[in-house]
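Undergrad: Could you slot chain B onto chain A? The hints should help.
Protein chains in written order, with our numbering: chain A, 1 to 196; chain B, 1 to 149.
Because the hints were derived from the structure by calculation, they are not lab data.
Just so you know, even glycine gets a beta-carbon here, dropped at the ideal spot from N, CA and C.
Take these hints with a grain of salt, some might be off.
Stated by the list, open to error - List of simulated lysine to any residue pairs, SDA-like, C-alpha gap at most 25 Å:
1. A:Lys99 <-> A:Trp57
2. A:Lys23 <-> A:Ile116
3. A:Lys23 <-> B:Leu57
4. A:Lys99 <-> A:Cys66
5. A:Lys29 <-> B:Asp60
6. B:Lys126 <-> A:Lys99
7. A:Lys23 <-> B:Gly61
8. A:Lys23 <-> B:Thr76
9. A:Lys29 <-> A:Asp86
10. A:Lys23 <-> B:Asp60
11. A:Lys23 <-> B:Tyr63
12. A:Lys23 <-> B:Gly62
13. A:Lys23 <-> B:Gly79
14. B:Lys126 <-> A:Gly192
15. A:Lys99 <-> B:Pro82
16. A:Lys78 <-> A:Leu195
17. B:Lys126 <-> B:His73
18. A:Lys99 <-> B:Asp3
19. A:Lys23 <-> A:Arg117
20. A:Lys29 <-> B:Gly61
21. A:Lys78 <-> A:Leu3
22. A:Lys23 <-> B:Asp3
23. A:Lys29 <-> B:Leu4
24. A:Lys23 <-> B:Pro59
25. A:Lys99 <-> B:Leu4
26. B:Lys126 <-> B:Gln12
27. A:Lys23 <-> B:Gln80
28. A:Lys23 <-> B:Thr77
29. B:Lys126 <-> A:Leu3
30. A:Lys23 <-> A:Gly192
31. A:Lys29 <-> A:Arg117
32. B:Lys126 <-> A:Phe60
33. A:Lys23 <-> B:Pro82
34. A:Lys23 <-> B:Asp78
35. A:Lys78 <-> A:Arg111
Unchecked claim - Interface residues of chain A toward chain B, partial, derived using beta-carbon atoms under 8 Å:
36. Gly11
37. Ile44
38. Asp123
39. Ser157
40. Val161
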Amino acid sequence: MRLLFVTGFLGSGKTSLIIPLAKRLVQFKRRVAILVNEIGEIGIDNQLMHQLDLDVWELFNGCICCTLTADLVSTLQKVDADYAPDLVIVEPSGAADPKNLLSALPYYRGRPLASIRWVAVLDPLRLPMLLEVLEPLITAGIRQADCIVISKTDIASEAEVAAAAAAARAINAQAPLFCVNLGAELASELAGELLR
Amino acid sequence: MSDLVLEPYAVQQRWQMPAPLSGRDWPALLAAYLASLARACSEAGPCVIGHIKALALFPDGGYLRVSVVSSTHPPTTDGQAPDGVAELAVTLNVLVYGLARDVLQKLSSDIAADLAAAHAGRVTVKDAASVGQPLFPNVGEHTHHSHPN
Numbered sequence: 001m002r003l004l005f006v007t008g009f010l011g012s013g014k015t016s017l018i019i020p021l022a023k024r025l026v027q028f029k030r031r032v033a034i035l036v037n038e039i040g041e042i043g044i045d046n047q048l049m050h051q052l053d054l055d056v057w058e059l060f061n062g063c064i065c066c067t068l069t070a071d072l073v074s075t076l077q078k079v080d081a082d083y084a085p086d087l088v089i090v091e092p093s094g095a096a097d098p099k100n101l102l103s104a105l106p107y108y109r110g111r112p113l114a115s116i117r118w119v120a121v122l123d124p125l126r127l128p129m130l131l132e133v134l135e136p137l138i139t140a141g142i143r144q145a146d147c148i149v150i151s152k153t154d155i156a157s158e159a160e161v162a163a164a165a166a167a168a169r170a171i172n173a174q175a176p177l178f179c180v181n182l183g184a185e186l187a188s189e190l191a192g193e194l195l196r
Numbered sequence: 001m002s003d004l005v006l007e008p009y010a011v012q013q014r015w016q017m018p019a020p021l022s023g024r025d026w027p028a029l030l031a032a033y034l035a036s037l038a039r040a041c042s043e044a045g046p047c048v049i050g051h052i053k054a055l056a057l058f059p060d061g062g063y064l065r066v067s068v069v070s071s072t073h074p075p076t077t078d079g080q081a082p083d084g085v086a087e088l089a090v091t092l093n094v095l096v097y098g099l100a101r102d103v104l105q106k107l108s109s110d111i112a113a114d115l116a117a118a119h120a121g122r123v124t125v126k127d128a129a130s131v132g133q134p135l136f137p138n139v140g141e142h143t144h145h146s147h148p149n
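Isolated chain B (complex conformation):
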């Protein structure tokens, strides 16, 4: 476990449902998403889940934050979504030691697509490079944090 490397993966997703969801449905949906993603990471190979978190902001100043730190503990949610929202813009940040970025990208994308499809919805993504915020180019520099003496 001492040589696990951290390759952060971030993406902006747009979750689109065929009909508006209640304020209770969105937290449950995103919690199910992050729980599935954490499980899939653990099954994909030796890894340490640092933090997988998702955030949606609303024009009225509200927010919905969902977060998970292991595959064996349920996600936590904070804030709330308003009622009657059919589309949600979600920032997803996946910080997992030991899994390559392309693996995290595929898991994040596939699980979101499957979950949305189960509700007759869909998820489109905008990768970090096209979002307009600076990238974190030197992820390799963080390998020193994962090399115990």
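This is chain A alone, in the form it adopts within the complex:
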């Protein structure tokens, strides 16, 4: 079983990345489980994924980086035992700190994890502002990432995308970086990188 964490601030495009990726894998007969942790009192992303016939588990009543870290582990184990997915995609809330998620994983006791990948989705329209006002949270996600996705290239200016890429590179120079319009078809190169 592989594990893919899709991190990013609220509204950065996490769900817009996860849906086409999961759909693509399902088309290829892969079993994909999606764990969604939303902050709002009524989940929207999980409703949408259910409507699209994706297999979704919701983590409510808290944030998986603090109050729900134990629930993350127990849900992973339950999904592994009941569903035996090839891939579990975890969408933490946009306010979750990745390092707290990392600290929970050693307690997982299901099938061995073939890989654990982290992708950080960044909104170029707001990244400079967010780095100013929520710096530790935003940089933690970028630093942790194995792959960085700059989203919204359809509405951001070239300068905004370039600035976001430079800011991300300053924090994490190693991770492959993709600038994409998540409303368009998911590029094979990006999908391949996420599924390594």
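TA: Just chain B now, kept in the frame of chain A:
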């Protein structure tokens, strides 16, 4: 800005129009709603808009999702509404750092009412507590995310 607290507000709304709208009208109406709501949040005090999103699901498997992340960028829409629908059940999720839940509730309610009234319609609401999904009781626990060192 370093002490902004996130108090999520969610609600289920029922938008009722006097006559069926076209599939193009509903996305435009909800986009106008979220744009106005984002502007009103920015004018209500120091805040950071995280995400304001609305979702309507349709029996045929379709959906309409509208989302906005700032007061200076227009909302984005995804999916579509069928033609000839006069009522729409909408889930609204308002995630704004720095504004209290009661402020978000009033802004969401007042702007929806005004917009619907301009089309001779109305909006009724069902708060999250009565919707049947678990609440998110410890919003205060998220203050740690908004405290940069």
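Undergrad: Now look at each hint and say whether the structure bears it out.
TA: Results for each hint:
A C-alpha spacing of about 22 Å is found between A:Lys99 and A:Trp57, which places the hinted pair at or below 25 Å, so the restraint holds. Note on A:Lys23 and A:Ile116: the hinted pairing holds, with a Cα-Cα distance of about 20 Å set against a maximum of 25 Å. This hinted pair checks out: A:Lys23 and B:Leu57 have alpha carbons roughly 19 Å apart, not beyond 25 Å. Only pairs whose Cα atoms come within 25 Å are accepted, and A:Lys99 paired with A:Cys66 is accepted, the gap being roughly 10 Å.
Straight-line distance between C-alpha atoms of A:Lys29 and B:Asp60 comes to about 24 Å, which keeps the hinted pair within the 25 Å bound. Straight-line distance between C-alpha atoms of B:Lys126 and A:Lys99 comes to about 37 Å, which puts the hinted pair past the 25 Å bound. Restraint check: the Cα-Cα separation between A:Lys23 and B:Gly61 comes to about 15 Å, which is no more than 25 Å; the hinted pair holds. For the proposed pair A:Lys23 and B:Thr76, the alpha carbon gap of about 21 Å is at most 25 Å, so the pair holds.
With a C-alpha separation of about 10 Å, the suggested pair A:Lys29 and A:Asp86 falls inside the 25 Å cut-off, and the hint holds. Annotation: proposed proximity of A:Lys23 to B:Asp60 holds, straight-line Cα distance about 18 Å (limit 25 Å). Distance check on the hinted pair: A:Lys23 and B:Tyr63 sit about 16 Å apart at the alpha-carbon level, within 25 Å; holds. At most 25 Å may separate the alpha-carbon atoms for a hinted pair to count; A:Lys23 and B:Gly62 meet this at roughly 16 Å.
About 16 Å separates the Cα atoms of A:Lys23 and B:Gly79, which keeps this hinted pair within 25 Å; it holds. A C-alpha spacing of about 43 Å is found between B:Lys126 and A:Gly192, which places the hinted pair above 25 Å, so the restraint is violated. About 43 Å separates the Cα atoms of A:Lys99 and B:Pro82, which puts this hinted pair outside 25 Å; it is violated. About 22 Å separates the Cα atoms of A:Lys78 and A:Leu195, which keeps this hinted pair within 25 Å; it holds.
Taking the CA atoms of B:Lys126 and B:His73, the gap is about 29 Å. The hint is violated against a cut of 25 Å. Only pairs whose Cα atoms come within 25 Å are accepted, and A:Lys99 paired with B:Asp3 is accepted, the gap being roughly 21 Å. Our distance criterion of 25 Å between C-alpha atoms is met by A:Lys23 and A:Arg117, whose separation comes to about 19 Å. For the suggested pair A:Lys29 and B:Gly61, the alpha carbons sit about 21 Å apart, so the restraint of at most 25 Å is met.
Taking the CA atoms of A:Lys78 and A:Leu3, the gap is near 14 Å; set against the 25 Å cutoff, the hint holds. Between A:Lys23 and B:Asp3, the direct Cα distance comes to roughly 39 Å. Violation of the 25 Å bound is thereby established for this hinted pair. Under the criterion of a C-alpha separation no larger than 25 Å, the hint pairing A:Lys29 with B:Leu4 is inconsistent with the structure, at around 45 Å. Only pairs whose Cα atoms come within 25 Å are accepted, and A:Lys23 paired with B:Pro59 is accepted, the gap being roughly 20 Å.
At roughly 22 Å between alpha-carbon atoms, A:Lys99 and B:Leu4 fall within 25 Å of each other, so this suggested pair holds. For the suggested pair B:Lys126 and B:Gln12, the alpha carbons sit about 5 Å apart, so the restraint of at most 25 Å is met. For the given pair, A:Lys23 sits about 19 Å from B:Gln80 by alpha-carbon distance, which is consistent with the 25 Å threshold. A C-alpha spacing of about 20 Å is found between A:Lys23 and B:Thr77, which places the hinted pair at or below 25 Å, so the restraint holds.
In summary, the hint linking B:Lys126 to A:Leu3 is not supported, as the alpha carbons are separated by about 37 Å, beyond the 25 Å threshold. A threshold of 25 Å between alpha carbons decides the hint, and for A:Lys23 with A:Gly192 the separation of about 14 Å falls inside it, so the pair holds. For the hint linking A:Lys29 to A:Arg117, the alpha-carbon distance of about 21 Å falls within 25 Å, and the restraint holds. A hinted pair counts as satisfied when its Cα atoms are at most 25 Å apart, and B:Lys126 with A:Phe60 qualifies at roughly 19 Å.
A C-alpha spacing of about 23 Å is found between A:Lys23 and B:Pro82, which places the hinted pair at or below 25 Å, so the restraint holds. For a cut-off of 25 Å, the pair hint linking A:Lys23 to B:Asp78 stands: about 16 Å separates their Cα positions. Simply put, A:Lys78 and A:Arg111 have alpha-carbon atoms about 11 Å apart, close enough for the 25 Å limit, and the pair holds. Of the supplied interface hints, the one on A:Gly11 holds, with its beta-carbon coming within about 3 Å of a beta-carbon of chain B, less than 8 Å.
Nearest Cβ of chain B to the Cβ of A:Ile44: about 5 Å, under the 8 Å cut. The hint holds. Taking 8 Å as the C-beta contact cut-off toward chain B, the hint placing A:Asp123 at the interface holds, the least distance being around 7 Å. At about 11 Å, the closest approach between the beta carbon of A:Ser157 and any beta carbon in chain B exceeds 8 Å, and the interface hint on this residue is violated. Taken as an interface hint, A:Val161 does not check out: its beta carbon lies about 14 Å from the nearest beta carbon of chain B, beyond 8 Å.
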